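Enquirer: Residue 367 in the working numbering sits at position 362 of the sequence shown, and the numbers go up by one each step.
In case anyone wonders, no lab produced these hints; they're calculated from the structure.
Everything numeric in this text was worked out from a predicted model, so none of it was measured.
Incorrect hints may have been included.
The calculated lysine-lysine pairs, modelled on DSS-like cross-linking and capped at a C-alpha distance of 27 Å, are [what the hints assert, rightly or not]:
hint	residue 1	residue 2
1	K191	K149
2	K49	K111
3	K305	K610
4	K324	K305
5	K191	K124
6	K305	K292
7	K123	K111
8	K124	K149
9	K610	K191
10	K123	K49
11	K49	K191
12	K292	K191
13	K111	K69
14	K69	K191
15	K69	K104
16	K610	K474
17	K191	K111
18	K191	K104
19	K104	K49
20	K104	K149
Distance ranges between label pairs, derived from CB positions [to be verified]:
hint	residue 1	residue 2	range
21	R176	D412	24 to 34 Å
22	E596	R672	23 to 33 Å
23	D626	D546	16 to 26 Å
24	K669	P631	14 to 24 Å
25	P214	R528	56 to 66 Å
26	G426	S72	47 to 57 Å
From the three backbone atoms N, C-alpha and C, an ideal C-beta is built for every residue, glycine too.
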Amino acid sequence: MENFEGRHQIPKNIQEILDNRDQLDQLLKEKFTQPVAVMFADLKGSTEYFETHGDIAGLTMINKYNSLLVPLIEERGRVVEIIGDAIMACFDNPETAVKTAVEMQKTLQAHNRQALNKKDEIHIRIGINYGTGIVTEREDGTLKVSGDVVNTAARVEAGGGKQADQILISRAVYEPIQQWQELNCKPHDSLDAKGKAQPLEIYRVVWDPEQEKIETARPDCPYPGMVPFSAGDARFFYGREAEIQQMVQHLRGQRFLLVIGPSGSGKSSLIFAGLLPQLLTSSYFSKNFWLVRQMRPGPKPTETLLQLLGDTSKGSSIKDDMVERLLAEHASARRLLVVVDQFEEVFTQADRDEGNRFITALQGLAGLDNCAQILTLRADYYPELMNSELWPLNASQRLEVAPLRGDSLRQAVEQPASDVGVRLERGLVERLLADAADEPGALPLMQETMVLLWDEMQRRVLSLSAYEKLSRDFAAITGQAATSGLAVAMALKGDATLAELPLAQQAIARRVFLRLIHFGEGRTDTRRQQPISALRAAGDDPNQFDQILEHLTGNRLLTRSGKNESGVPVVDIAHESLITGWSRLRVWSDERREAEQVRRRLEGKATEWVRLGRGSGGLLDEAELPEAERWLASQDAADLGYDAALPELVEASQQAIDADINEKRSRA
6 MENFEGRHQI PKNIQEILDN RDQLDQLLKE KFTQPVAVMF ADLKGSTEYF
56 ETHGDIAGLT MINKYNSLLV PLIEERGRVV EIIGDAIMAC FDNPETAVKT
106 AVEMQKTLQA HNRQALNKKD EIHIRIGINY GTGIVTERED GTLKVSGDVV
156 NTAARVEAGG GKQADQILIS RAVYEPIQQW QELNCKPHDS LDAKGKAQPL
206 EIYRVVWDPE QEKIETARPD CPYPGMVPFS AGDARFFYGR EAEIQQMVQH
256 LRGQRFLLVI GPSGSGKSSL IFAGLLPQLL TSSYFSKNFW LVRQMRPGPK
306 PTETLLQLLG DTSKGSSIKD DMVERLLAEH ASARRLLVVV DQFEEVFTQA
356 DRDEGNRFIT ALQGLAGLDN CAQILTLRAD YYPELMNSEL WPLNASQRLE
406 VAPLRGDSLR QAVEQPASDV GVRLERGLVE RLLADAADEP GALPLMQETM
456 VLLWDEMQRR VLSLSAYEKL SRDFAAITGQ AATSGLAVAM ALKGDATLAE
506 LPLAQQAIAR RVFLRLIHFG EGRTDTRRQQ PISALRAAGD DPNQFDQILE
556 HLTGNRLLTR SGKNESGVPV VDIAHESLIT GWSRLRVWSD ERREAEQVRR
606 RLEGKATEWV RLGRGSGGLL DEAELPEAER WLASQDAADL GYDAALPELV
656 EASQQAIDAD INEKRSRA
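Given the sequences, and given the hints that come with them, work out the whole structure.
Expert: Pasting the structure below:
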């Protein structure tokens, strides 16, 4: 550090030159400016450490940190200042600064390997810049360094975000050391620097080859895509901490809660990845206090509820002792929690009488001390709720879930990636949030976007350029401009999944999607769970159909999960955002809505005829038969498919009508 020794102190009386600015500038240039490499080292996680372990433990860690690193710096450079958990240092040249930074990281790596507890580990991020600075010596012999070289070094260090164990350098440092064979530097990011015409280029020094192998490995994607978060995704579920705590507190004193919000707001995820895992660990309840049973209503919700309560006999009714007997089978359970997800199916899939029976059953359970209920409902079904026997509900029984916005949405986007060691470029996060502001039900679209971007990851970084490439690819494929990058992600996912199938199989996939849509009749279309048998058509090759279904579920456009009231596995569209956001599916729905409704009505008659024993009961009359015959002969029937029972019904109906005509003739 000989270049810094004996630096002139600023004269105490410089009034005589203040009147001549040119003279002052020349004095500063000659006496105090020189090339200098400035380093900032910042201790990561110290704020959380102080909050968790207290001031004494925090100060002990900082003292340990300083005792390990300050001697290394003083061997080759000078410590300029120590502010809390940050060290500022300076060096004669960038080479020495970088070598010192590597030694600092290796020293902490050795310390961390010997640490008995995770909390005792020390992790830092280092930023280095090189340029001309004003270097002066204070009266106590310490150095003072100022100028743009210092400000830029601070920006370089901050450019790593929340990632620790890094050495980041500016281009001014990178250029003189890039030829070193013992060091490998990689482009890291570009930052918009205030007051500078060009973005600030940052590079990352690869100081640990083994860590480099880890960083180049691609971790599993923590985002579920279009499907809701499940209990298995709980550790990656962010942004709803306040709502989760509100629900836990609610269940301490009340037995009923309706969670209501628009489609895509994350109601199901809030329950299954937020509340239920929290109940398992909450100190408010004893271990295994809750026995959780979950269901979706479907067309026969009362039967599903009976099965959920352990009664598999047909035609049963809800009895007061069912909950008690169910809890008795689980010795440590004290209270049953019934979760009814997508309660709107009571209004869309069950007939009025069945819906009323189910609501009456829920009201009966609400009177039991050992049973609690949580229902989720789409907000646009509020009028149906208010016209049902569940109403009125007081405000304390309702939790209104708004779509994630602002910092909560930012956390839901950034934190899952951070948890697995992946960084999102700052520009990408801002673009995602801006696009989400114009999208209803943005969360599932965001999650699907993250799944697509995961495949474009470079060195554990998700970039804005990869996101922008999605829009370019979409325009190249479709010739259409996208409303947002999020809509592109959904459309690309759907279109790419479909394109992987041969044309004949694409027609079957189209038919499957249409059968899984409940047409809204003046309101937004919704999902319609169906058993696999209801998706097949006469003439389908069973093996080929199963392969198509597996392809669609494997690509997260459909889900196969749960069972209906008969215990049969069901299929569902992964998220309602697909219905409105995937343009191809929206076109199919608009073009074939009327024809699909005719098919459902005719197949409903065929199903009833089969149920009645394929005899005279349920046959088509003389007005209904011609419609069925015309439809079976149409292109709609060829495209949409139909159950084998429908032509059998038509044939049996025609035979019955002919027999009736012949009998009348014989009597005449």
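Enquirer: Next step is simple, just say for each hint if it's right about the structure.
Expert: Quick rundown of the hints versus the structure:
{"no.": "1", "hint": "K191 <-> K149", "in the structure": "violated, 31 Å"}
{"no.": "2", "hint": "K49 <-> K111", "in the structure": "holds, 16 Å"}
{"no.": "3", "hint": "K305 <-> K610", "in the structure": "holds, 18 Å"}
{"no.": "4", "hint": "K324 <-> K305", "in the structure": "holds, 18 Å"}
{"no.": "5", "hint": "K191 <-> K124", "in the structure": "violated, 30 Å"}
{"no.": "6", "hint": "K305 <-> K292", "in the structure": "violated, 34 Å"}
{"no.": "7", "hint": "K123 <-> K111", "in the structure": "holds, 17 Å"}
{"no.": "8", "hint": "K124 <-> K149", "in the structure": "violated, 34 Å"}
{"no.": "9", "hint": "K610 <-> K191", "in the structure": "violated, 67 Å"}
{"no.": "10", "hint": "K123 <-> K49", "in the structure": "holds, 14 Å"}
{"no.": "11", "hint": "K49 <-> K191", "in the structure": "holds, 22 Å"}
{"no.": "12", "hint": "K292 <-> K191", "in the structure": "violated, 50 Å"}
{"no.": "13", "hint": "K111 <-> K69", "in the structure": "holds, 15 Å"}
{"no.": "14", "hint": "K69 <-> K191", "in the structure": "violated, 31 Å"}
{"no.": "15", "hint": "K69 <-> K104", "in the structure": "holds, 21 Å"}
{"no.": "16", "hint": "K610 <-> K474", "in the structure": "violated, 50 Å"}
{"no.": "17", "hint": "K191 <-> K111", "in the structure": "holds, 19 Å"}
{"no.": "18", "hint": "K191 <-> K104", "in the structure": "holds, 16 Å"}
{"no.": "19", "hint": "K104 <-> K49", "in the structure": "holds, 21 Å"}
{"no.": "20", "hint": "K104 <-> K149", "in the structure": "holds, 22 Å"}
{"no.": "21", "hint": "R176 <-> D412: 24 to 34 Å", "in the structure": "holds, 33 Å"}
{"no.": "22", "hint": "E596 <-> R672: 23 to 33 Å", "in the structure": "violated, 49 Å"}
{"no.": "23", "hint": "D626 <-> D546: 16 to 26 Å", "in the structure": "violated, 35 Å"}
{"no.": "24", "hint": "K669 <-> P631: 14 to 24 Å", "in the structure": "holds, 19 Å"}
{"no.": "25", "hint": "P214 <-> R528: 56 to 66 Å", "in the structure": "holds, 59 Å"}
{"no.": "26", "hint": "G426 <-> S72: 47 to 57 Å", "in the structure": "violated, 29 Å"}
Hint check: violations occur at hints 1, 5, 6, 8, 9, 12, 14, 16, 22, 23 and 26; the rest are consistent with the structure.
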